[in-house]
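Enquirer: Residues per chain, in single letters:
There are 2 protein chains.
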Amino acid sequence: MPSSRQIHVGNLLIGGGAPVVVQSMTNTTTGDAAATLDQVRELAAEGCELVRVSLPTGDEVEAFAEVVSHAPVPIVADVHFDWRLAVAALEAGAAGVRINPGTIGAERGVLEIVRAAAACGAALRIGVNAGSLPKDLRALADRGETAAALVEGALRYASLVEEWGFLEYKLSVKSSSVPETIAAYRALAERSEVPLHVGVTEAGTAWGGTIKSAVGIGALLADGVGDTVRVSLTGDPVEEVRVAWQILAALELRRRGPNLISCPTCGRTEVDLVALAAEVERRLQPLSVPLTVAVMGCRVNGPEEARHADFGIAAGSGEGVVFAHGRKVATVPEDELVEALFRAIEG
Amino acid sequence: MPSSRQIHVGNLLIGGGAPVVVQSMTNTTTGDAAATLDQVRELAAEGCELVRVSLPTGDEVEAFAEVVSHAPVPIVADVHFDWRLAVAALEAGAAGVRINPGTIGAERGVLEIVRAAAACGAALRIGVNAGSLPKDLRALADRGETAAALVEGALRYASLVEEWGFLEYKLSVKSSSVPETIAAYRALAERSEVPLHVGVTEAGTAWGGTIKSAVGIGALLADGVGDTVRVSLTGDPVEEVRVAWQILAALELRRRGPNLISCPTCGRTEVDLVALAAEVERRLQPLSVPLTVAVMGCRVNGPEEARHADFGIAAGSGEGVVFAHGRKVATVPEDELVEALFRAIEG
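Protein sequences, first through last, are from chains H and Z.
If you read the first sequence in my numbering, its first letter stands for residue 2, the second for the next number, and so on.
If you read the second sequence in my numbering, its first letter stands for residue 2, the second for the next number, and so on.
Think of the hints as simulated: they come from the structure by calculation, not from any bench.
One thing to keep in mind: the hints can contain errors.
Copies of one chain are not kept apart here, so a pair can be met inside one copy or by any two copies together.
[To be verified] 20 Å max Cα-Cα, derived SDA-like pairs, lysine to any residue:
1) Lys329 <-> Ser318
2) Lys136 <-> Leu156
3) Lys136 <-> Gly327
4) Lys329 <-> Val74
5) Lys329 <-> Gly348
6) Lys329 <-> Asp143
All chains, full assembly: derive it from the sequences and hints.
Expert: See the structure below:
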């Protein structure tokens, strides 16, 4: 897969080999600057590096400016229908604006946004969604060619802004269908060097949406497609950030905090491994060091996995062995295993 | 990706274009036949089509036979260290045995298992795990070539059993590292037509392990690699089955029950969409029909997504529109939306 080119969004680098950026979106009322800023800070504390805030009408511009000026991370405005709102967001200090030219309408409006972004040194995301395709492409989608319609839409707008000399943009081609999302992004990455914002749109609730997002975003990132990710869940956006980091950690692309390996229990398990793993997970939570910790209840793969992890427990029959960096450091009764593990980790 | 060949495991077809089979493993004490059988039935009721049961010692053979004879789905025995246990499981009616020749040891033991499987018309899974590689391959893994070591291990045993004329087997090359798992299965699928059992081993707890599994299994299935899947979670195996089905549904490979599309809330959302989506998800739960239902709180993508789904809600500003098969069927106040949606679904 050819590498994408690099853009700036505020102080962040996106594309061109930069680490994949984690982003999310506030769901507070934007007009309530204090609540929105609280959520931005909460998201940033969870590792969200870029936050999108919707700007539905001109009434929220003042609050949006307030959020931008106090936010600990760059803020992108999400604007639809009215190009003037995008320009206002840029003038208020947004690091970028997300537009869907399909909802902006006339080309002149898009040009005004591009001019304002260039003048402000800001970036754009041009996001084409299956749910809001321009008419001719909707017809293509209605014939079953949704991925092709998304890619054509994105490339059409990309050509347009590049004709105007604007390069500080990224593209997205989200669909609520995971196979369509994968197909569209793969095709787009083959045909373009523009950095890509990847995600599955309207993925669903915390449980089902997490799985859809992990499959879709994961399949793309596994092949090097995607420069920034947003997990879309119906729920608390903080959970979106946690899921995004877990996807990156699963692929060993980036890690924030510990990685827990724990075996599924089976008829061979002789200890209460579910409780043991849950307790270890709970106590690892506050750590932000990238450690791998194995909690194994099995004589088959246990000792080997525990030996390979930074720290590990291999438990069986009322007692267990604690490993640190490949060496046995303690053999203790089951009820002292967690303590012994954390003594090793913290020691 | 070349298609795999097809094998039988009990009454199931695996590989060669058959639907991807969902499997899991009991975590009851196998010696407790009643508890194990209860769990097998519970798993089957959730859509688990093949259940693995560990057989740690000869003491559990009688209970294992009892489980096999009453189980509503084929049972595979999980055996390590002692080939006699595998033979006993086959004689007890197991539809298959999962072995890791690395833990069985001497080639003669493996031959005895293959002979017994052939005599019983049963299948084998030859599963090589990063945690239990034979010594020479462990050395390769220790040099950082784990995926290659897994593939070499699997192909070595595959050659062995094929020399003995045995073809009713599948392979697995699981690692607790997602990138290693993806790399190993992709390489194996390139080099072999044997059906593949895919999964990420020791993926972790219900939350983190679900994401790792969705990324790893999803990336493989997205490219057609994988004929049967097992999600490994430290927890209730019923959750493994639900996650497996959600991965298959996300990729539109198979579907069990409804598919919910719901938008992440944002500053534009004017209704309590999280509550609305949760209520719709709860009421869809008992349905096993493959419906797509969209719950949208957004004027931007809402109506289009709701129109494309089988049934949908597009809500905004205290009221919403219900769609059925692309047509508006009702406009009702927010608090009547769920009722109106289910009237349309059940109508």
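Enquirer: Taking the hints in turn, state whether each one holds.
Expert: Status of each hint after checking the structure:
1. Lys329 <-> Ser318: Close inside one copy (17 Å), not across copies (62 Å); limit 20 Å.
2. Lys136 <-> Leu156: within (16 Å within a copy, 52 Å between copies)
3. Lys136 <-> Gly327: between (60 Å within a copy, 17 Å between copies)
4. Lys329 <-> Val74: Cα proximity of Lys329 and Val74: none, with 43 Å in one copy and 42 Å across.
5. Lys329 <-> Gly348: within (14 Å within a copy, 64 Å between copies)
6. Lys329 <-> Asp143: Answer is between: at 18 Å across copies they meet the 20 Å cutoff, but 61 Å inside does not.
Of the hints listed earlier, the one the structure fails to meet is number 4.
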